[in-house]
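J.: Take a look at the letters that make up each chain.
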Amino acid sequence: GENVEQHPSTLSVQEGDSAVIKCTYSDSASNYFPWYKQELGKRPQLIIDIRSNVGEKKDQRIAVTLNKTAKHFSLHITETQPEDSAVYFCAASIVRGTGRRALTFGSGTRLQVQP
Amino acid sequence: NAGVTQTPKFQVLKTGQSMTLQCAQDMNHEYMSWYRQDPGMGLRLIHYSVGAGITDQGEVPNGYNVSRSTTEDFPLRLLSAAPSQTSVYFCASGQGGGGGYTFGSGTRLTVV
Numbered sequence: 030g031e032n033v034e035q036h037p038s039t040l041s042v043q044e045g046d047s048a049v050i051k052c053t054y055s056d057s058a059s060n061y062f063p064w065y066k067q068e069l070g071k072r073p074q075l076i077i078d079i080r081s082n083v084g085e086k087k088d089q090r091i092a093v094t095l096n097k098t099a100k101h102f103s104l105h106i107t108e109t110q111p112e113d114s115a116v117y118f119c120a121a122s123i124v125r126g127t128g129r130r131a132l133t134f135g136s137g138t139r140l141q142v143q144p
Numbered sequence: 016n017a018g019v020t021q022t023p024k025f026q027v028l029k030t031g032q033s034m035t036l037q038c039a040q041d042m043n044h045e046y047m048s049w050y051r052q053d054p055g056m057g058l059r060l061i062h063y064s065v066g067a068g069i070t071d072q073g074e075v076p077n078g079y080n081v082s083r084s085t086t087e088d089f090p091l092r093l094l095s096a097a098p099s100q101t102s103v104y105f106c107a108s109g110q111g112g113g114g115g116y117t118f119g120s121g122t123r124l125t126v127v
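Chains H and E are the protein sequences, given in the same order.
Under my numbering, the first residue of the first sequence carries the number 30, and numbering increases by one thereafter.
Under my numbering, the first residue of the second sequence carries the number 16, and numbering increases by one thereafter.
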């Protein structure tokens, strides 16, 4: 089955700096890669996702890049703010037509933005 | 539109007891999954379903049963609770063809 590895496990940055979280996946058939943000005591919430036919996707201060050849994808957060502090999870899955497999998640990155 | 509703939010069980965690979604999603979340281990898949009447095992299925008699409901049954099942349980649903999962608010289970 799919295996997703995520690094680093913790990340501390100063407010205004950029943060980068990296994930690798094992199944070359995986083609859907979402990122989730989980605040303390809350449910995970989708913040951005990318399909394998796209190399990069941006949404305001958040961007995700994908390297299919190397089987890795990254989350980039620019101009970090204290409210970005949370645990971030990457995930991978296979989607074909109207079918899909369950998401496999990385182990998470705790991001701390210091004011 | 309530999204994904999980009950209960908190539960304490004694070793050996059984219980059912409830999950219901009102978005007509085909795909539903149960994950458990333990510190430092991310979200691990317990069981999932691709539609009513169809279920399959995930990464950590032992000690849990599921059924999917309707599109809306996907209960998770703990057969004989063990302390190792102390965790936060999340139910999630999603559409076929991709797109993100919608998660429920979670059930915090403690087995003593």
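If you are wondering where the hints come from, they were derived from the structure by calculation, not from laboratory data.
Misleading hints may appear alongside valid ones.
[To be verified] Per label pair, the in silico range of CB-to-CB distance: (1) Thr85(E) / Ser55(H): 31 to 37 Å; (2) Ser99(E) / Arg139(H): 33 to 39 Å; (3) Val83(H) / Leu94(E): 40 to 46 Å; (4) Gly55(E) / Gln74(H): 41 to 47 Å; (5) Lys71(H) / Asp88(E): 19 to 25 Å; (6) Ser84(E) / Ala99(H): 48 to 54 Å; (7) Gly18(E) / Ser38(H): 16 to 22 Å.
Using N, Cα and C, we set each Cβ at its ideal position, and we do this for glycine too.
J.: Run every hint past the structure and note whether it holds.
T.: Outcome of the hint check:
Separated by about 34 Å at the C-beta atoms, threonine 85(E) and serine 55(H) satisfy the suggested range of 31 to 37 Å. Checking the proposed 33 to 39 Å range against serine 99(E) and arginine 139(H) shows it is violated: the Cβ atoms sit about 24 Å from each other. Between valine 83(H) and leucine 94(E) the beta carbons are some 43 Å apart, a value that agrees with the proposed interval 40 to 46 Å. Checked against the given bound of 41 to 47 Å, the beta carbons of glycine 55(E) and glutamine 74(H), roughly 20 Å apart, lie outside it.
A beta carbon spacing of about 23 Å between lysine 71(H) and aspartate 88(E) agrees with the range 19 to 25 Å that was offered as a hint. Take serine 84(E) and alanine 99(H): their Cβ atoms lie about 43 Å apart, and the range 48 to 54 Å is violated. For the hinted restraint 16 to 22 Å between glycine 18(E) and serine 38(H), the CB-CB distance of approximately 30 Å leaves it violated.
Hint violations for this structure: numbers 2, 4, 6, 7, all remaining hints satisfied.
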